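The hints should help you fit chain G with the ligands onto chain V, whose structure is shown.
Next come the chains, spelled out residue by residue.
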Amino acid sequence: MQSSAFLSRKEMIGFALLAALIFIVFPMMLDSFRLNLFGKYLTYAFVAVGLALCWGAGGILSLGQGVFFGLGGYCMAMFLKLEASTPENTSIQSTPGIPDFMDWNQLTELPVWWQPFYSLPLALFAVVAVPVVFAFIIGVAMFTRRVGGVYFAIITQAFAAILTILIIGQQGYTGGVNGITDLRTLLGWDIRTDEAKTTLYFVNGVLLFAVLFAAQYVRKSKLGRLLIAMRDQEDRVRFSGYNVANFKIFIFCLGAAFAGIGGAMFTLQVGFMSPTLVGIVPSIEMVIFCAVGGRLSILGAVYGALLVNWAKTTFSESFPELWLFGLGGLFIAVVMLFPNGLAGVWSEKIEPRLLALLGKAPADKSAPDGAPAE
Amino acid sequence: MQERFILKVEDLTVSFDGFKAVDALSFYVEPNECRVIIGPNGAGKTTVLDLICGRTKATAGSVKFHDQELLTMREDQIVNAGVGRKFQTPSVYEDLTVFENLELSYPKGHSVFGALVFKRDTDVRARIKEIAETIFLADQLDEKAAFLSHGQKQWLEIGMLLIQDPELLMLDEPVAGMSVAERKKTAELLNRIIQDRSVIVIEHDMGFVADIATRVTVLHQGKTLSEGSMERVQNDPKVVEVYLGH
Ligand SMILES: Nc1ncnc2c1ncn2[C@@H]1O[C@H](COP(=O)(O)OP(=O)(O)OP(=O)(O)O)[C@@H](O)[C@H]1O
Ligand SMILES: [Mg+2]
Numbered sequence: 001m002q003s004s005a006f007l008s009r010k011e012m013i014g015f016a017l018l019a020a021l022i023f024i025v026f027p028m029m030l031d032s033f034r035l036n037l038f039g040k041y042l043t044y045a046f047v048a049v050g051l052a053l054c055w056g057a058g059g060i061l062s063l064g065q066g067v068f069f070g071l072g073g074y075c076m077a078m079f080l081k082l083e084a085s086t087p088e089n090t091s092i093q094s095t096p097g098i099p100d101f102m103d104w105n106q107l108t109e110l111p112v113w114w115q116p117f118y119s120l121p122l123a124l125f126a127v128v129a130v131p132v133v134f135a136f137i138i139g140v141a142m143f144t145r146r147v148g149g150v151y152f153a154i155i156t157q158a159f160a161a162i163l164t165i166l167i168i169g170q171q172g173y174t175g176g177v178n179g180i181t182d183l184r185t186l187l188g189w190d191i192r193t194d195e196a197k198t199t200l201y202f203v204n205g206v207l208l209f210a211v212l213f214a215a216q217y218v219r220k221s222k223l224g225r226l227l228i229a230m231r232d233q234e235d236r237v238r239f240s241g242y243n244v245a246n247f248k249i250f251i252f253c254l255g256a257a258f259a260g261i262g263g264a265m266f267t268l269q270v271g272f273m274s275p276t277l278v279g280i281v282p283s284i285e286m287v288i289f290c291a292v293g294g295r296l297s298i299l300g301a302v303y304g305a306l307l308v309n310w311a312k313t314t315f316s317e318s319f320p321e322l323w324l325f326g327l328g329g330l331f332i333a334v335v336m337l338f339p340n341g342l343a344g345v346w347s348e349k350i351e352p353r354l355l356a357l358l359g360k361a362p363a364d365k366s367a368p369d370g371a372p373a374e
Numbered sequence: 001m002q003e004r005f006i007l008k009v010e011d012l013t014v015s016f017d018g019f020k021a022v023d024a025l026s027f028y029v030e031p032n033e034c035r036v037i038i039g040p041n042g043a044g045k046t047t048v049l050d051l052i053c054g055r056t057k058a059t060a061g062s063v064k065f066h067d068q069e070l071l072t073m074r075e076d077q078i079v080n081a082g083v084g085r086k087f088q089t090p091s092v093y094e095d096l097t098v099f100e101n102l103e104l105s106y107p108k109g110h111s112v113f114g115a116l117v118f119k120r121d122t123d124v125r126a127r128i129k130e131i132a133e134t135i136f137l138a139d140q141l142d143e144k145a146a147f148l149s150h151g152q153k154q155w156l157e158i159g160m161l162l163i164q165d166p167e168l169l170m171l172d173e174p175v176a177g178m179s180v181a182e183r184k185k186t187a188e189l190l191n192r193i194i195q196d197r198s199v200i201v202i203e204h205d206m207g208f209v210a211d212i213a214t215r216v217t218v219l220h221q222g223k224t225l226s227e228g229s230m231e232r233v234q235n236d237p238k239v240v241e242v243y244l245g246h
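Note that the protein sequences, when read in sequence, are chains V and G.
If you count the first sequence from 1, position 194 lands on 194 in the UniProt record's numbering, and the numbers rise without skipping.
If you count the second sequence from 1, position 228 lands on 228 in the UniProt record's numbering, and the numbers rise without skipping.
Keep in mind the hints are simulated off the structure, nothing from the lab.
A portion of the hints provided could be inaccurate.
[As the list claims (entries may be wrong)] In silico EDC-like pairs for lysine to aspartate or glutamate, Cα to Cα no more than 16 angstroms straight-line:
| no. | chain 1 | residue 1 | chain 2 | residue 2 |
| --- | --- | --- | --- | --- |
| 1 | G | 108 | G | 67 |
| 2 | V | 220 | G | 121 |
| 3 | G | 57 | G | 10 |
| 4 | G | 64 | G | 10 |
| 5 | G | 185 | G | 165 |
| 6 | G | 108 | G | 123 |
| 7 | V | 220 | G | 95 |
| 8 | G | 57 | V | 235 |
| 9 | G | 144 | V | 232 |
| 10 | G | 223 | G | 11 |
| 11 | G | 8 | G | 33 |
| 12 | G | 57 | G | 76 |
Note that the structure is predicted; figures quoted are calculated from it, not measured.
Chain V extracted, bound-state conformation (with noise of 0.2 angstroms):
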């Protein structure tokens, strides 16, 4: 019979050397300033595990999670920056006590909507919420019509595209196109020091494990099977008596919550929330992190994200306009070479070869997640 452990020993492994690199090893590696950029690549990670369950489990390729990631950090940087417009702090203005670039589009008041955004608890209720009711109203319209596939991809770009361009044509209510900036304490806690950084470094950790275990259970359960079913074979699925587009709103609302809450961890660590994380290319960008790393792995997908980041880092600082066409490429090779990413490379190549030398028998092909346990 079939073992529906929670973690089987193989991924209990993967997770272990997961926690170790980014609990112990970077922190002990990097100086804070690298250490604050490896946090930043960390948000984008939170988007790629949503993807995996969304688009490598369920089969339902999103192109706008910039979408929900910039929600959450732009819910987050509201509350920040209505903490850092004290009417002190804003004197000079002709209305003190509101965001800046409010002021310098005339606005007199702040906006009703803008209110809860005073409140930490509201706010923080906000990051995942509204992600997660926008998935929703994109998901029900959607999938109980049963777009699907290619058609549901561009939407959910378009989504994208239109967003960015209503947060930047609304300027006075948004930031417009520099987006929410000069952010600066969180409850009287200057987040901008390098103590400040480091800590919300391991914040940023604990939550994406913790998103990590919620991915792993869902996975796990019988949700998961059934999202690798649907992928399969939708229309049997809905033979076996289940109600398709419910489980596909799930899981799009379950990534969307994930993206929301590495938006507001990006917010905190970088400092600033924009619409250039929000629009089409960052979208696509996070698909790539997530089919690098290896689409159906949520590790896989964290190391993703990781390593097109940094990679993009280390060449943009020397090849600024080479990047794209760097990435196109690695977006290429990946799906023609490894079309199961990092983690394919690992379980196929490295993992055998590695417990050859230590010894033990090599990895159970047919049974790579429920090895047997009776």
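Same frame as chain V, but now just chain G with the ligands:
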């Protein structure tokens, strides 16, 4: 009081761009009846099943299952109401194991939340084991469905239906494409599982049909050509002409 018919199909019509694949078809299925639908290729047999189980939307007519109108229901609602369907080509979840295939068909935990908290308890395991033995796959439980033979996939799909325990079972050419040995085993299996429920079977194998049918409906160009006992249908000159003659 026991109702007279479990399924009432009346004036069922579907038109694909003007072509009527099923044309004002009516038939009635009694409880515990085994109805066999035969007919030449393209007669509309598969389409009838598609219409009953909600896969294709009807243009006109009515399909009542226990006085519930099926034509306005979603596929999963129809399944959960007690109608199971086996497809003409074996359709199982290739990336999942035999165990997982059966588990997904087990009639519990079909809501999102239900699927998240679904536990493989002893009842589930016992039932899956029982079904696996019935469908000759007890030793393949941990094997991926992709590695099964064509015949084994057919059995697995039958097992996936059995575990749903439907009141009305619809089978589309269940012995097609099987080896002689597999065919014999399947006939045996089907004979066992069609007890105590209503069944609609599409089949070309006349020996097999004679063996299981309570009544036979002959379909031709979307319409009933003849209906009745196997004997009666076989001796109907119209049937001999369009179907049995060649
Ligand atoms: N979705 C569709 N769109 C257009 N035409 C269709 C569609 N489905 C079926 N048809 C047509 O309807 C007719 C009946 O097809 P159906 O599959 O029901 O036949 P059948 O009796 O099951 O035949 P077979 O014995 O070959 O399985 C065929 O002419 C087919 O081409
Ligand atoms: Mg057919």
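- Query: Are there hints from earlier that the structure breaks, and if so, what are their numbers?
  - Reply: The structure conflicts with hints 1, 5, although it agrees with all the remaining ones.
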